[in-house]
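Just need the whole structure built from these sequences, with the hints factored in.
One-letter residues, chain by chain:
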Amino acid sequence: MPLKLALPKGRLQPLLSSWLGGWGLEGYEATSRSYRPSSRLHPQLQLKVFQERDIPIQVAVGNYDLGICGRDWVEELLVRYPQSPLVRVREVGSGGGGLYLASSIFSPLSSASEMAGHPGPLRLVSEYPNLAEAVALRLRLRRFQVFPLWGAAEVYPPETADLVVMASASEDDLRDRGLCPLLPLLPASTCLIAYRPSWEGKDLGEVLAGFPPALQEGALKSGGASTAAGAAFPPGLAVLALPDGHQQPPTLELLRRAGLPADSYSQGERRFLWEGVAVKVLRPQDMPIQVANGNLDLAITGQDWLRDHLCRFPGSPVKEYLALGFGQVKVVAVVGPQTEASSPEELRGAFPVLRVASEYVNLADRYATDKHLGPYRIIPTWGASEAFLPEDADLLIENTQTGRTLARHGLKIIDTLLESSACLIGPRELPPKKRVRVEALVEAFRRGAGG
Amino acid sequence: MERCKGMRDLLPQDMEKFRRLEGVFRDVCRRWGYGEVRTPVLEYLHLFTTAGTLTPGMLSRVYSFLDWDGWSGERVVLRPDGTIPTARLFLSEVGKDPARLFYVENVFSFEETGREARERWQCGVEFIGGPSPQAEGELVSLALEVLVRLGFSATVKLTHQGFLKALLGEVGEDLFPRLLEGEGLSTLQPSRPEMERAMPLLFGTKGTGPGYLKNLKALLLPSFPSLRESLEDFSRVAQLLSGAGIAYEIDMGNGKGFEYYTGVVFQFYIGGERVGGGGRYNNLLPLLGRKDIPAAGLALYLEPLLARMEVSLPRPSVLVVRSPTPRGQGRAFALARELRASGYRVEMECSASPPHFLIEVGNGFTVAGPSGEVVRLPSLKRLLAFLEEMGAVKAGPA
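Quick mapping for you: the protein sequence lines, in order, are chains S and X. Counting with our numbering, you get residues 76 to 526 for the letters of the first sequence. Counting with our numbering, you get residues -6 to 391 for the letters of the second sequence.
Because the hints were derived from the structure by calculation, they are not lab data. Among the hints, a few may not be true.
Claimed, not checked - Away from chain S, derived, C-beta distances all over 10 Å, residues of chain X:
id	residue
1	R23
2	W64
3	R68
4	R93
5	K150
6	S228
7	Y241
8	L328
Said to hold, decoys possible - Calculated cross-link-like contacts (lysine-lysine; reagent style DSS-like; alpha-carbon spacing at most 30 Å):
id	chain 1	residue 1	chain 2	residue 2
9	S	K508	S	K446
10	X	K207	S	K446
11	X	K158	X	K207
12	X	K150	X	K207
13	X	K89	X	K374
14	S	K277	X	K89
Claimed, not checked - Simulated coverage check for chain S against chain X, where a stretch passes if three residues somewhere in it have a Cβ under 8 Å from a Cβ of chain X:
id	segment
15	177 to 188
16	381 to 390
It should be emphasised that the depicted structure is a prediction, and the values quoted were computed from it without experimental measurement. Where a beta carbon is used, it is the ideal one built from N, C-alpha and C, also for glycine.
Have a look at this one:
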């Protein structure tokens, strides 16, 4: 039986590809778009590239014998599922910094005892929701709320979060971002992990012996611009969220057309003020829930993420104010080349338990239910979802602009769930004191969008 | 079809035992003056995190999730415990103490392997505003009465959470959270020699009456006056139970349990297996926002009790009614109604159970009895008389 190793995409990819240089890797260079690299030294080894966060899950469910990823993601899984059959085989490298619990430098919370005595609710935001909850329980917080994030945790405090759990290169780096480190949670390191039954029963010796001694890992990449530091926004301002990532260039263009200031945004700042408006730059996936709980008055996100949020929380007080037209994608159902089905109906009964991988967990869940796909299991992913088909999932719910990437990987679209583009969202009811300002902003965006 | 891991189905024979147990428990509680309540299966998580009512270890095993309003970030849980929701109910709905409340409820706790039950049923009693030692005496007596009526002989073990807390304070180690998670006390390494000498006596011996506690007081109080209050409270409870003729064992080393207990903790065992437990929790209501309301409670665990129960009630006879023609089916239904009103279990023709009496509706009634005899009876009155004569067993009350 072939041995299978999961390798991470992203920040570790250049380091690992050079560290494993002796393996004669093909298809794992930093610029490679392949999900299936190969090794001349270990031709029997099946390699697959995933988002780092997906790797501990893939190893824990037994899809891979070995995996390499940050220890933070291993602990994020194990703190919630301590019985997971994962073995931490060895540390392959350690970087500076690590994972921290932090508050805003403007927050009165500066010690664990102040947190424990706080009547709450204390709002925690994190890309590591399981670790955040475990810390809250360990600190005996009386009442807390955990908001899972896709990223940009440092932008939330002090207005929209009291505490963050986030990775950082150092405590000083946190302070540069306007945060006060309260508790170090984990040192940064990269681990080789194994699926326990593989570790206990398979001969992994040749591959294990083939790993070089240690990875020369630099300080943990802190991610994002370090311009979050700044005074807390004055109260009473309208709060607008603008997207980072792929949506940033068209949003910048929209701001210019709308006659709104674009300098800070174009320079990569994540928190800044316009006249009467506080602006934060966030991940679009995180915006609907932040609007729903009143932390944001307006946000530019994708209709796909709004729909995903509403599938989970049908009574959520978020609505679309304006379709903006750019960033058009389709959310589609996709199968691998070996799957004969050409419609969702033909998937019924084709698999004992249909494995559905998606970044859109709630859309995928609703779709599988509505289409009566039979017994199914949702596999949450954090990107690079195409890699899951066909070995690690049977159906993918994924977004696509042209369909070319899916076709290049030999994947087949069998249904379209929705067509989506960027939109302006806000709460169903605005606070009266902000109404005039928010309506003026909506009007400016309407002009900018040509409506 | 698989059922969800760690969950259990209750079949008709299980439910018969369940209802019998529940019936005895409800009857005893009502006779002691308790009123029945039922709390929701879902509660807010913060009810259980507030001020440390459950240990972090227990909280890490609750089933918690965001419900449809979860955009607020507030989590709900499947209740992991019966006492805290009842305390919440008391504060929000009852308010006036003393209050005697009881419930039969399921509680949920994630068990990692899925081999053990994740849903457990308990018969719980809470005496809110109940003073010590009366409440402890009342609760232990009530629980034993339930167990005796079910045919069990249980042993009672006592410890005192306030004493253990004070003792660990004297030892100087912050061991209490570990103790609550089930860690033994053998790791204690007291810094003072008096305490080191007392340890084997404390944890290596067991008491059977108030005399034991007097001995401990004589040994410990001269050096450790901080233990006085808890030992005296323990003595008052022990005295009352002895006076009521209740036998018990004092086991100081048995500290595993809920963080909210403050005083005497009692546990009930049958054949070495714990079938119930409870104790005094004077801090819980203050932690939830109401000062100075003492309280105590207990729960009997249904699963170990059901496993030991044998229901020996007479099984009701199965009467099956049928009509040879479609036109007669209305009359068959009418006859079945009459027979049920007379107390019999009656099934219609399509029946899963082999009948004791097969009754065909036609011109009068044709009855095939349990020994194969067939009789024709002209009227309902004669049919009822025949069933009685043949010893047909009625279904009895639900």
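message: Run through the hints listed earlier and report the numbers of any the structure violates, in increasing order.
response: 2, 3, 9, 10, 13, 14 and 15
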